[in-house]
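Trainee: We have chain L already, so just place chain A on it with the hints.
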Amino acid sequence: MSILEYNGAAMIAMAGKDCVGIAADRRLGIQAQTVSTDFTKVFKMNDNIHVGLGGLATDVQTLHNVLKFRMGLYELREEREMTPQVFSHLLSTLLYEKRFGPYFVEPIVAGLDDKNKPFLSSMDLIGAPVQTKDFVVSGTCTGNLYGMCETLYKPDLEADALFETLAQALLASVDRDALSGWGGVVHIITKDGVTTRELKGRQD
Amino acid sequence: LTALDFVLLQLLQHTHINLYRSTMAPFRTHNQQQNSRNAAGGPGLAMMPPIIHSSEGPVMAKADTIDHGVTEAPYERGFSPYEFNGGTTLAIAGPDYAVVAADTRLSSGYEILSRDVSKLHALTDRCVLGSAGCKTDVDQLRSVLDIKQKIYHHNHRKQMSTPSVAQMLGNTLYYKRFFPYYAFNVLGGVDAEGKGAVYSYDAIGSFERTPFSATGSGQAYIIPLLDNVIGHKNRADEKRELPAEEVVEIVKDAFVTAGERDIYTGDSVEIMVITAEGIQTTTFDLKRD
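Note that the protein sequences, when read in sequence, are chains L and A.
Last residue of the first sequence: 1166 in the working numbering, with the numbers rising by one and none dropped.
Last residue of the second sequence: 291 in the working numbering, with the numbers rising by one and none dropped.
Honestly, the hints are just simulated from the structure, not real lab data.
Careful: at least some of the hints might be erroneous.
What the hints assert, rightly or not - Restraint ranges, calculated between C-beta atoms of paired labels, are given here: (1) A/83 <-> L/1166: 34 to 42 Å; (2) L/1156 <-> A/247: 36 to 44 Å; (3) A/83 <-> L/1164: 36 to 44 Å; (4) L/1040 <-> A/254: 34 to 42 Å; (5) A/179 <-> L/1166: 39 to 47 Å.
As the list claims (entries may be wrong) - Simulated crosslink set (EDC-like; lysine to aspartate or glutamate; CA at most 20 Å straight-line): (6) L/1162 <-> A/118; (7) L/1162 <-> A/262; (8) A/241 <-> L/967; (9) L/1116 <-> A/262; (10) A/254 <-> A/118; (11) L/1095 <-> A/262; (12) A/235 <-> L/1160.
Note that CB positions come from ideal geometry on N, CA and C, so glycine has one too.
Isolated chain L, as found in the complex:
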């Protein structure tokens, strides 16, 4: 039993045409027992950045608070909003500071940079970052998620098509994983704002 599989999670972030989408499941479990069916794993950091934190739930919540704090400090000092590249780098450094006693979280960052171009990155639990142009995944069913995304992804999808792609990829993947599921939530971020939709899937 891996500590990263204690609570269960599944999340995807995908890039479209001048938009990004990020989706996650809603389950919180303690190994086989489901404890909550509306646990938030994707957090809005500012109008341009969403972060998905998948892994041990206590670290998900702690890391979210630490990130909120650090973003607040940055905005006070710099008097400007953080860009996703800077946020991703901050998160990477934070995680590596705990190199020999890490946060058990494997995050994904999705946002629009200052030129409104999509930005995606993901990290392992000690902060090794990877930036991609198409999609990033994290959670207990990454095999399933990679398979679905690799097949369904097309470059330059519009916001509505991106939503459909994310929704189908997430639902099909979590339905074959015992530790994730119980519905989903999808955020589509464009320069005009964020649209959030809830997914009703198999409730098991």
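Mentor: Relative to the frame of chain L, chain A by itself:
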């Protein structure tokens, strides 16, 4: 207490320590043990050469002999009879056809042994077995099934029907329940009524007739896709019957995906379409990286 009793007591302690060492360090090899013995400058304080009880009375064995776990506590050498040779197989059942496909790469660790080895084997002209796992176990399993199939044909004057082959495979696998065939199987064919039939198995013979199945190293990448496209799960549009040609295109897409993300899947895919008329085989190239 005589001097001999003292020596026997030492041996008891030494055996106990060795047993402890064996359980606590299961992956220590014989060489490591020899080296650690030498590192202590010959037999250390707690380590005494074993006593051999010969017909002339108890005698100390020579300190530099290899014991092979005979007089001292047994130790594990880390030998596994199994090896994973990689690959992915897939089978989909249609209304009057079945599609069975598998990649053709044979690997061992990070090495590619061959780019052109078939994982599919036609057991009858209406039924194909696809197997991934340990190649030698797969070959032996096919041999055994072929022989049983020939005997059946000889006794009953007809070929085995696909559900019968399915049952036979399940029984053959369970026969080796306590030293299994390391073979992940998928059986596809047309049943006695001409409808497509696919059976999925685990390594010890548990099986079930299913609408589709995928096994091997790339199964996690492919199964959710088949759930969505073939099983029509989580979809709002109307379910429609898929013709064999469209299913073959879906299979190609699935293998391209698995080939991208799984290191053991690639080189090319062998696709067999089975209908009441027979079996048609096509090949499709994949990335060779």
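Trainee: Which of the listed hints are broken here?
Mentor: Those not satisfied are hints 4, 5, 6, 7, 8.
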